[in-house]
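Could you build all of it, start to finish, from the sequences and the hints given here?
Listed in order, the protein sequences are those of chains L and B.
Numbering that gives the first Met the number 0 numbers the first residue of the first sequence as 0 and each following residue consecutively.
Numbering that gives the first Met the number 0 numbers the first residue of the second sequence as 0 and each following residue consecutively.
Please keep in mind that the hints were generated in silico from the structure rather than gathered at the bench.
Mixed in with the good hints, there may be bad ones.
To be verified - Capping the alpha-carbon separation at 30 angstroms, the derived lysine-lysine pairs in BS3-like fashion look like this:
hint, chain 1, residue 1, chain 2, residue 2
1, L, Lys237, L, Lys55
2, B, Lys50, L, Lys162
3, B, Lys50, L, Lys477
4, L, Lys76, L, Lys397
5, L, Lys442, L, Lys477
6, L, Lys198, B, Lys24
7, B, Lys24, L, Lys360
8, L, Lys53, B, Lys2
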Amino acid sequence: MARLVIMGGGVAGHTAASFARKWLGKEHEVVVVTPNSQWNWIPSNIWVGVGGMKKKEVIFPLAPVYKKVGIDYRQAKAVSINPEGKDGSDDAFITIEYTGQDKEGQSEELTYDYLINSTGPKLNFGATEGLGIGTEMGTHTVSVCTADHAEHANHELQACIAKMRAGERQTFLIGTGHGMCTCQGAAFEYIFNIEHTLKAEGVRDMADIIFITNESFLGDFGMGGIHFSMGGYATSSKVFAESLYAERGMDWILGAHVNKVEEGKVTYESLDGEIDEQEFDFAMLIPPFAGVGIKAYAKDGSDITDTIFAPNGFMKVDANYNAGAYENWKPSDWPRTLQNQDYKNIFAAGIAFAPPHTISKPMSSPNGTPINPTPPRTGMPSAMMGKAVAGSICDMIKGAPEPTHTASMAEMGAACVASAGKGLFSGTAAAMTVYPIIPDFEKYPGTGRDLNGTTGELGLAAHWIKHILHFGFLWKAKLKPGWTLIPE
Amino acid sequence: MSKHLNHIEPYSPQFGTMVPMGFQKFLRTCVLWQIVRFVAINIRMTILILKSHH
Ligand SMILES: Cc1cc2nc3c(=O)[nH]c(=O)nc-3n(C[C@H](O)[C@H](O)[C@H](O)COP(=O)(O)OP(=O)(O)OC[C@H]3O[C@@H](n4cnc5c(N)ncnc54)[C@H](O)[C@@H]3O)c2cc1C
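If you want it as structure tokens, here you go:
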């Protein structure tokens with residue numbers, strides 16, 4: 000009998016747990032440790048944040064789903080890993096701290112044969128003065144990173160709409176709250192949904208809408224930009240994105256490291272070193288991400304966190320962490336099996352693995368402040384990593400000497416549908432496909448991507464797809480009949 | 000045809016990019032055309048998913 004423990008039941012962890020349970024015989028245990036009792040389809044938080052959906056439409060309770068399929072569910076957060084066991088025992092274990100199941104605050108040691116770290120990001124609001132403290136969002140801005148945040152964002156948005164109806168002009172500032180943020184796509188979706196909502200409410204002419212981003216050009220998306228095959232041109236995502244903002248009358252501030260947030264005002268440093276301010280009535284700023292801060296200890300109790308985790312708290316895997324300068328970066332720097340190289344029974348999937356470096360070119364201001372997007376690890380690659388890692392572990396439990404499945408971001412594409420407004424006949428979204436995610440300038444000189452597989456278009460059809468995906472992925476996550484037929 | 004461009008100021012950043020004109024905008028929410036695009040995008044995404052699974 001083997002026990003697989005999965006830390007984090009989000010996109011990657013839930014996918015890994017579901018497939019592992021399906022592929023492993025009942026004599027093996029699959030345990031999920033995750034602190035929230037509700038599963039959240041995060042992409043639809045955007046619609047909650049503009050009142051287009053209710054919070055209850057984007058979440059569901061995890062316990063009944065896991066009970067149905069025989070996954071041992073612990074509503075707890077992982078605190079530390081002891082990969083070598085402890086004095087008197089060689090059994091590897093993690094320490095968890097319950098957040099529910101009537102055991103709040105209690106600690107427990109959970110032994111494992113295989114471990115997956117899929118704990119996603121720590122929302123590091125505390126990295127920017129005034130944006131929040133630690134993982135707690137502050138009071139000056141809103142967020143759409145969780146369903147609760149999104150519900151609160153909509154509440155604030157409705158208050159602004161009421162003010163505009165009463166004749167008060169409002170400034171909306173949407174974007175990234177730090178120079179090292181990722182997830183520009185979510186900010187992109189939110190600003191377009193705000194604009195769409197204000198138009199539908201008949202108050203668009205009372206709003207100034209501004210995008211503030213750490214990208215050096217619009218459409219970088221943390222992927223160094225993308226060239227889409229579009230209308231007979233290899234069109235840069237810069238043109239694609241600028242066109243959308245220009246058409247909707249929204250301004251943009253580029254290369255910005257927001258270093259201070261106060262009531263109604265942000266202060267930011269630009270790539271040219273200038274310090275500037277921007278006032279707002281409503282601001283949604285994505286916080287920077289870090290690892291969730293799990294510690295690791297050797298058998299003798301010494302701290303080996305630095306061995307297993309990178310300084311940003313993400314878990315080291317089979318990536319090349321010594322790639323050096325941008326000019327030397329190669330697609331092969333990116334991990335394939337997602338296996339930790341010191342402890343071969345530990346894997347990481349989704350946002351939790353430490354990328355070898357960014358995808359966008361590193362930049363900094365003349366003052367030395369780094370200002371560039373960190374690499375996105377969106378839903379599709381996160382789920383594919385979860386599935387691949389589960390596949391490898393199941394095979395290793397059955398006797399394979401090493402991982403049998405790979406999920407390298409340099410060898411996979413990503414399909415992304417970014418909402419630009421909700422509505423059965425009035426909605427639009429940008430449907431983008433990118434192949435491969437990590438540009439390969441040797442194989443695809445000039446653009447780094449295969450133009451046969453890299454496309455983008457805006458329209459109602461993409462909105463329909465986004466809405467169908469909402470229902471499809473919730474169906475899949477609830478492990479309802481036929482869930483394996485819905486691709487990751 | 001181009002009323003939606005009236006807000007663009009000369010020499011503003013918005014002035015330096017391409018913007019869709021009326022027919023392109025119409026196509027984006029034209030149900031018949033979008034049904035065609037729905038099928039096309041789904042095929043495109045299916046090919047991408049098949050290419051990505053190892
Ligand atoms: C607003 C928004 C919109 C987005 N829209 C899209 C989109 O349209 N398309 C797309 O592809 N991607 C989108 N993304 C990105 C997508 O949500 C992420 O790529 C995906 O959730 C990453 O999966 P993950 O499993 O790595 O992390 P998560 O899904 O965040 O899961 C991590 C899990 O770990 C748990 N956890 C945290 N700490 C611990 C701990 N100590 N112990 C145990 N468990 C822990 C968390 O509670 C969570 O359940 C969006 C993101 C945001 C914020």
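Tested hints:
no., hint, result
1, L:Lys237 to L:Lys55, "36 angstroms, violated"
2, B:Lys50 to L:Lys162, "50 angstroms, violated"
3, B:Lys50 to L:Lys477, "26 angstroms, holds"
4, L:Lys76 to L:Lys397, "29 angstroms, holds"
5, L:Lys442 to L:Lys477, "40 angstroms, violated"
6, L:Lys198 to B:Lys24, "16 angstroms, holds"
7, B:Lys24 to L:Lys360, "34 angstroms, violated"
8, L:Lys53 to B:Lys2, "35 angstroms, violated"
The earlier numbered hints that this structure contradicts are 1, 2, 5, 7, 8.
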